[in-house]
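*Asks:* In the order they appear, the protein sequences are chains G and S. All residue numbers for the first sequence refer to the numbering used here, where the first residue is 1 and numbers rise by one. All residue numbers for the second sequence refer to the numbering used here, where the first residue is 181 and numbers rise by one.
Among the hints, erroneous ones may be present.
[Claimed, not checked] No more than 27 Å apart at the CA atoms, straight line, and that leaves these computed lysine-lysine pairs for BS3-like:
| # | chain 1 | residue 1 | chain 2 | residue 2 |
| --- | --- | --- | --- | --- |
| 1 | S | Lys207 | G | Lys71 |
| 2 | G | Lys84 | G | Lys63 |
| 3 | G | Lys84 | G | Lys13 |
| 4 | G | Lys14 | S | Lys439 |
| 5 | G | Lys58 | S | Lys207 |
| 6 | S | Lys565 | G | Lys22 |
| 7 | S | Lys565 | G | Lys84 |
| 8 | S | Lys207 | G | Lys14 |
| 9 | S | Lys439 | G | Lys13 |
| 10 | G | Lys14 | G | Lys83 |
| 11 | G | Lys83 | S | Lys531 |
| 12 | S | Lys207 | G | Lys52 |
| 13 | G | Lys83 | S | Lys565 |
| 14 | G | Lys164 | G | Lys63 |
| 15 | G | Lys14 | S | Lys565 |
| 16 | G | Lys58 | S | Lys565 |
| 17 | G | Lys84 | S | Lys439 |
| 18 | G | Lys71 | S | Lys565 |
| 19 | G | Lys52 | S | Lys531 |
| 20 | G | Lys58 | G | Lys39 |
| 21 | S | Lys439 | G | Lys39 |
| 22 | G | Lys83 | S | Lys434 |
| 23 | G | Lys84 | S | Lys531 |
[To be verified] Distance ranges between label pairs, derived from CB positions:
| # | chain 1 | residue 1 | chain 2 | residue 2 | range |
| --- | --- | --- | --- | --- | --- |
| 24 | G | Glu144 | S | Ser395 | 30 to 40 Å |
| 25 | S | Val449 | G | Thr113 | 40 to 50 Å |
| 26 | G | Gly150 | S | Arg497 | 16 to 26 Å |
| 27 | G | His76 | S | Asn189 | 22 to 32 Å |
| 28 | G | Phe60 | S | Asp203 | 25 to 35 Å |
| 29 | G | Pro26 | S | Phe240 | 13 to 23 Å |
| 30 | G | Glu144 | S | Phe215 | 45 to 55 Å |
| 31 | S | Asn189 | G | Asp3 | 28 to 38 Å |
Bear in mind the hints are in silico, worked out from the structure with no lab data behind them. Every residue gets a Cβ at the ideal spot worked out from N, C-alpha and C, and that includes glycine.
Each chain, letter by letter, is given below.
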Amino acid sequence: MTDEQISDFVDGKKEAFDCVYKQFAPAMFAVCIRYTYCKDDAQEVLQESFIKIYEGRKSFDVKRPLAPWIKNIVIHTAINFLKKQKKLVLTDQDADFNVPEVWTYPEIAKDDTRSQLMAILQQLPEGYRTVFNLFVVDNLSHKEIAAYLGISEGTSKSQLSKAKVMIQQLIPKEWKDERA
Amino acid sequence: MKEHNTIDNLFRDAFDGLSIMPDASVKSEIDARIFVKNDKRRAGFWLFFVGLGISVFALFAGLYYSTNAYHGESLIGTQRLAENDADVRNSVDTKKQIASTSNEIHDAVPLSSETSDKEMNVLSSINKQETSTRANRTTTTTTSARAQVTQKIQSSNVQSNDSVDKKDEIVGIDHLRLRNISVFDNDLTSDLSIDFNQRGSSLTKPTAEEISTSSHSFAAFVNYGFESTNSNREQVDYNQLENAQIQLRSAAIKVEYKKSFTSVFGWNVGVGYADHSVLQKGRMTTWDSVITQSTISTLTPEVVYVPSYYAATTRYRFQQFQLGLGMTFSYSLLQNCNLDVSLGSDFSLGKLTQLDTNTFYESPAFSNFGMSLYLRPAIEYKVRKYSFLAFGQVNQTLVSQIQWSFIDRRNTGFGGGLACRYYF
Numbered sequence: 001m002t003d004e005q006i007s008d009f010v011d012g013k014k015e016a017f018d019c020v021y022k023q024f025a026p027a028m029f030a031v032c033i034r035y036t037y038c039k040d041d042a043q044e045v046l047q048e049s050f051i052k053i054y055e056g057r058k059s060f061d062v063k064r065p066l067a068p069w070i071k072n073i074v075i076h077t078a079i080n081f082l083k084k085q086k087k088l089v090l091t092d093q094d095a096d097f098n099v100p101e102v103w104t105y106p107e108i109a110k111d112d113t114r115s116q117l118m119a120i121l122q123q124l125p126e127g128y129r130t131v132f133n134l135f136v137v138d139n140l141s142h143k144e145i146a147a148y149l150g151i152s153e154g155t156s157k158s159q160l161s162k163a164k165v166m167i168q169q170l171i172p173k174e175w176k177d178e179r180a
Numbered sequence: 181m182k183e184h185n186t187i188d189n190l191f192r193d194a195f196d197g198l199s200i201m202p203d204a205s206v207k208s209e210i211d212a213r214i215f216v217k218n219d220k221r222r223a224g225f226w227l228f229f230v231g232l233g234i235s236v237f238a239l240f241a242g243l244y245y246s247t248n249a250y251h252g253e254s255l256i257g258t259q260r261l262a263e264n265d266a267d268v269r270n271s272v273d274t275k276k277q278i279a280s281t282s283n284e285i286h287d288a289v290p291l292s293s294e295t296s297d298k299e300m301n302v303l304s305s306i307n308k309q310e311t312s313t314r315a316n317r318t319t320t321t322t323t324s325a326r327a328q329v330t331q332k333i334q335s336s337n338v339q340s341n342d343s344v345d346k347k348d349e350i351v352g353i354d355h356l357r358l359r360n361i362s363v364f365d366n367d368l369t370s371d372l373s374i375d376f377n378q379r380g381s382s383l384t385k386p387t388a389e390e391i392s393t394s395s396h397s398f399a400a401f402v403n404y405g406f407e408s409t410n411s412n413r414e415q416v417d418y419n420q421l422e423n424a425q426i427q428l429r430s431a432a433i434k435v436e437y438k439k440s441f442t443s444v445f446g447w448n449v450g451v452g453y454a455d456h457s458v459l460q461k462g463r464m465t466t467w468d469s470v471i472t473q474s475t476i477s478t479l480t481p482e483v484v485y486v487p488s489y490y491a492a493t494t495r496y497r498f499q500q501f502q503l504g505l506g507m508t509f510s511y512s513l514l515q516n517c518n519l520d521v522s523l524g525s526d527f528s529l530g531k532l533t534q535l536d537t538n539t540f541y542e543s544p545a546f547s548n549f550g551m552s553l554y555l556r557p558a559i560e561y562k563v564r565k566y567s568f569l570a571f572g573q574v575n576q577t578l579v580s581q582i583q584w585s586f587i588d589r590r591n592t593g594f595g596g597g598l599a600c601r602y603y604f
């Protein structure tokens, strides 16, 4: 996006906002899918996120890059969504696998690794999945995760550890061998 | 550990740069909520100010009415006294004419003689014949006189003695004393304000849904109101108080907690403090004797009786602590604008202080407990977790803490004010 378009977006022009949506919505939808359980939830989070992005446009510092600011809002919104749905339960007790919802991604081939990893993520309990996403995919530290979720660093580490154990049980052995 | 790192890399690589197109309905829904909402917000904003304007107008109209009702009464009293002056002058002139032509007046009004002993006799005879001659005096002095002669006649008689001593002088009718019209201006200030602590910014800004679905809220109300109640009994036995009126001007502050149990209904509980300025006013009729003396030395001075009207007031300060319980109905008018109607009861404890010690009126009885009903329609304009309300308020006292013997039931009070509500 050009500086002029970003400036117009901050001014609240609809055309500029459309441009922001067109550029960032697909990537942010992928983020939403990672954090949520089903397509409907992911779309709801995406919708709320872009409304917040528009309403909070005045707080955006035009000297800084737009993408991280948008991604930050999307992640916040996803976490809040899970909290609101009371799905985000972060305890030290072991949790069971989620039953994956049948949903194929038209953009991704069904047998594609990414599609299968998405399905694996969806089988994780919300707490495990959220911490795993924040730490592994979005590169947040345990301290930052603790602040995000309002938990202790120890709980964050524990959730991550349990998530990885669960993922190991779900990932086919040949993938791990390939990576190794 | 190595396995864990492998998993990390697997997911990082897989999701890096991943893009999935959402449904087109998402964008249209976002547009509908952002760009249509803005128009509705604007309308809600103006609706709030319309409500605010109506509330302020109602408040000042009430105050104007309340203030001018009293000054109007004072003017009536003044007019009556002016009529008195004219009546007295007419009656004196008439009496001069009558005295110069006949002795009939002596039959009607016993007058003073040339000696002081006789004057005293005359004065005592005036007292004795007071009742029998009242009709004649009334006819002589004014046709508008209708109340009884009071004990004040006695003090006027004493003044009459002094006047009688000064023979061959024209004694002016000194009834300035009668013009005891006091005008009461209430200085009660309505300059109440509340500082609301700024809440620290939360992790994310709440959405419209978060606001509308918040079931708990705290609100602070500041309002100003008035009430005017007229006497609804005969005044004969009440120190001759005529057209008695009680006016209350109230400045109140209230903090209220509200809990919604459905999307439209909720209950509220609040505590408040109200400072009422109470004005008890009315008109008393008294009769005063005044001495007039003929310019013709052969004639004796005469006593005439004139009615006077005391438009007097007594001020009280009434402080109240209130506990309120009520129900709230909220109806969404626009995206950010609600109609919020509360109905409930206030239970109160209070203290009454009489500010005017010299008063003609009986002090009211006072009880510790009071109860009133209130109806409070408000226009609420929401801004994130906060909302601002402009409201009107109707109060009906059910159990009055202040009880005047000449008032059976207090009238309805009206008021209005502003409030700020915080949802959590």
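*Asks:* Of the numbered hints stated previously, which ones are contradicted by the structure, given in increasing order?
*Replies:* 2, 3, 4, 6, 9, 10, 11, 14, 19, 20, 21, 22, 23, 25, 26, 29 and 30
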